[in-house]
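Listed in order, the protein sequences are those of chains A and B. For the first sequence, position 635 (counting from the first letter as 1) is numbered 635 according to this note's numbering, and the numbering increases by one without interruption. For the second sequence, position 170 (counting from the first letter as 1) is numbered 170 according to this note's numbering, and the numbering increases by one without interruption.
No lab work stands behind these hints: they were computed from the structure. Remember, it's a predicted structure, so these values are computed and weren't measured experimentally. Positions of the beta carbon are idealized from the N, C-alpha and C atoms, including for glycine. Treat the hints with caution; some may be incorrect.
[Claimed, not checked] Which chain B residues face chain A? A few, computed with CB under 10 Å, are given here:
no. : residue
1   : I44
2   : T64
3   : A169
4   : L207
5   : G210
6   : R219
7   : N232
8   : N246
[As the list claims (entries may be wrong)] No farther apart than 25 Å at their CA atoms in a straight line, the calculated lysine-lysine pairs in the DSS-like style are these:
no. : chain 1 : residue 1 : chain 2 : residue 2
9   : B       : K67       : B       : K181
10  : A       : K278      : A       : K256
11  : B       : K174      : A       : K161
12  : A       : K542      : A       : K471
13  : A       : K263      : B       : K67
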Amino acid sequence: MDKALRHRIIGLAFLFAVMLLSIPSFAQPARPAVPTDIIGEWRLENNEDDTTAQPPLGDYTGIPFNDAGRMRSDTTPESIWGTPEYQCRPHSAPHQWRGLGGARILKEQDPLTREASVYHIQFMRSLDRPIFMDGRPHPPAWAPHTWTGFSTGQWIGNTLKITTTHLKDGYLKRGGPQTSDMYSMTEYLTRHGDILSIVTVIDDPIYMEEPYVHSTTYAYDPTSVVNTETCNASAFAENGGTNRHWVPHFLPGQNKAWTEWLKNEPWVPEVAVRGGAKTIYPEYRSTLTGGLNLAALNVPMSKSAFAPNQRVASQSPKDGQVHVMPVQGNIYMLVADGVNITASIGPDGVMLVNTGTAEMSQKVLTTLNELVNNVMASPTPNRCFGTRCPGTWGWSSPYVNAVINSPATPKPIRYIANTSGMAEHIGGNEKLASSGFFPRGGGFGTAVANPGRAASVVAHENVLVRMSTAKPPAPAAAMPTDTFFDELHKMPNFVNGEAVIFYSAPAANTDGDSLVFFRGSEVIAAGNVFSTVSYPVIELDKGGSIQGVIGGLNKILDIAVAEYRSQGGTLVIPGHGRLSDTADVASYRNMMVMIHDRIKDMVDKNMTLAQVKAARPTMDFDGRYGSTTGSWTTDMFIEAAYRSIKEKK
Amino acid sequence: MRSRTLLLVFAATLFATTIATAQRGGGGGAGRGAAPAARQSAPIDLTGYWVSMITEDWKLRMVTPGKGVYDALVLNPAGRKAADSWDPATDEKSGDLCKAYGAPALMRLPTRLRITWENDNTLRIDADTGTQTRLFYFGASAPPAGEPALQGRSVAQWELAAGQRGQPAAGNLKVTTTNLKAGYIRKNGAPYSDKTTVTEYVDLHALPNGDQYISITTRVEDPVYFSRTMTNTTDFKKLPNATGWNPTPCSVR
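Produce the complete structure using the sequences and hints provided.
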């Protein structure tokens, strides 16, 4: 071997050795996107905020409550759980990690990539809670809220960040401090060996001065079992179960028991138990020792991540657009510049409940036509093969005919129901009814020219009275063609394969309100009796009253049935706001009863309207439903409630 | 000449390999060559001022609970017996005022923290309550254990998160503290012994409202006074500056 060759071999050997040294690093596979698996059975390490017992009534220590949060919690007793609509509700989302019974985390995988597509978290008193990891967006603001909300997840280093929206109102701690239904929840799950740390951020500016951050710790325990708590639906309401509409609550100032627990924990200063952001910073101690006045105390308070009034309003966007929300069965919800329209679409054609404003009627019609075409006339792939696909009228190339077949033209609007005579719900009647066709009258199946060439408009007779006596009266083509006066009115035939029933809501917003129940689809169009964005508009001069609104809400609750655990099932389309269910209506009804009783108590004490307004009987709900501007303010609502109570008295 | 060329190729390859390996960095395991200093390899920045948010166990942290209140603790009979004999006057008389400010309990007290790098491999945590200082030593920088101390001897390490290449480093801090002097896990005299070990995990979270939080998961193991490991997580919010920093001496009550 010559010297050059030897050098070449040695050199190549060195190169090869260096390459070998490099290979283990370069060849290692990309590290997984999900760093630490969190699936399994977890046991609560109960070394923080002892959760083994019921938190004492009135203990708000550590909670950055504002005045509204305190008032809401002081006036809401735990016995609210005894109402039929709440007796099966699971723990609210903020309390789930602190509830007893452990937690189970499961994982769904993408079958191709085996990436985690969904985590599922389960607790003893909970529904299954999916955490979507596939990057999907959150639903629109007008989508329903649930007890566990809608959650998406994202790994950030070792931490799974979970963002949850669309939550129902509930409580922070079992049976105690309340939340609104506008809060967001962000959780950070980090696994350290066999310990899982969960940091929870509850951002509820309706009831809190700053986001509420706390943490909980779990230990991995494969031997633990997460049971499920069944609900036997026994009636155990405070009144003994004899009045299904009873709403237990305290009048403001009536709950005197909230300091009872201090007898057992005498070292806790009474002044601190009301909570508030200032109380959770270390410098608060200086106020306890008398060194500083609470009002003079400055703390580095944080802000909410969102503006509550915008979040409320986003459920009912006044954006000049028509948004479509599929509901269930035949039913779709159209959000038309903030006003909800219900559409039943099927083989019989279209039935609308309300038509929105006149200004939006063309856009509603355009959107509706597109929707109907999509639902009823979309081409579908041929599923007709071989001998199982004979020609209906004899053999005539059924395979190819099925492919080239053009769907039938969708049927037009047949019926329009009006839940009241309010302009925002009847404004589109003229245009939309005229675009439809209901084969009315005429002999031998032939429709008469007018009004037979338009859709049938159905409403309580007082709607017709209001529309015809208005100045100027509504156009003839907008008027109800079919009216009823009874407390219950059935459509004479099935519509799109289901019964449709009108329930009168006497003296609610007006004297002509009704609810429309689609019995097969399990959907109630509630009209203005129910709103998720404002207090109910009560037109006293048109026969409305707060008692009638409560009656209408109770009627909805009588008809509706929850699917499971006090959520889902019969869905309710409000006049304004998000798609809802029984628990949402119950929450609104409870509020109305509480406000009614507060104002009635003041009326009974001979307080003037000015005194009632000054007493702020709606203070704990104003951040959620109130307004100081616009066509329906909190003052107007209080006045309407006051006058309707006083008149009835 | 040819062999010189080969040698150059070899040297260049070795250099490139070294650079590539260094650029990959992290990985959690011991790399080849000298490890970068803890400050440089920190996956999260913990420095700054932080305030503890007393949103949980308020009644047990913001104010000193009465003697005999052991809620949420894991005392065994010996621990209860020792706690029941607590006499604050005795501590005051002896001048032993800081027994509730030791490493197992300090982070749970209402306090502000100032976190700085003492040097490249030592993270310093000052607490204004009790005017306490903890030092977290990375790698071999920890001094040998001496006399047991209130804050013990804390050895720290970064726990790097697995992640895709090209993503910024992420992870958390793990701290193990031993060599502790006995003290109180709660100000009302609930004890921990000098056999106690504290393991802490520090995570950094960015909240939707722009706040930054550190969450310290603390596991306290005491074979003398505890029936099992005590675990909790304590949350601190980052502050923009030193406003509110208020060093105060230890107090017994």
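Structure-based check of each hint:
For I44(B), the shortest C-beta to C-beta distance to chain A is roughly 8 Å, which falls under 10 Å, so the interface hint holds. With a least beta-carbon distance of about 7 Å to chain A, the hint placing T64(B) at the interface is held under the 10 Å criterion. Against a cut-off of 10 Å between C-beta atoms, the interface hint on A169(B) holds, since the closest Cβ of chain A lies about 8 Å away. Checking L207(B) against chain A: minimum C-beta separation of about 6 Å stays under 10 Å; hint holds.
Interface hint status for G210(B): upheld, as the beta-carbon distance to the closest one in chain A is roughly 8 Å, under 10 Å. For R219(B), the suggested interface contact is upheld, since its CB lies about 7 Å from the closest CB of chain A, less than 10 Å. Annotation: interface hint on N232(B) holds; nearest CB of chain A at approximately 5 Å, less than 10 Å. Restraint check, N246(B) versus chain A: the minimum CB separation of about 7 Å is within 10 Å; hint holds.
A distance of roughly 22 Å separates the Cα atoms of K67(B) and K181(B); the hinted pair therefore holds under the 25 Å criterion. Between K278(A) and K256(A), the direct Cα distance comes to roughly 24 Å. Compliance with the 25 Å bound is thereby established for this hinted pair. This hinted pair checks out: K174(B) and K161(A) have alpha carbons roughly 20 Å apart, not beyond 25 Å. For the suggested pair K542(A) and K471(A), the alpha carbons sit about 14 Å apart, so the restraint of at most 25 Å is met.
Under the criterion of a C-alpha separation no larger than 25 Å, the hint pairing K263(A) with K67(B) is consistent with the structure, at around 15 Å.
In summary, this structure violates none of the numbered hints.
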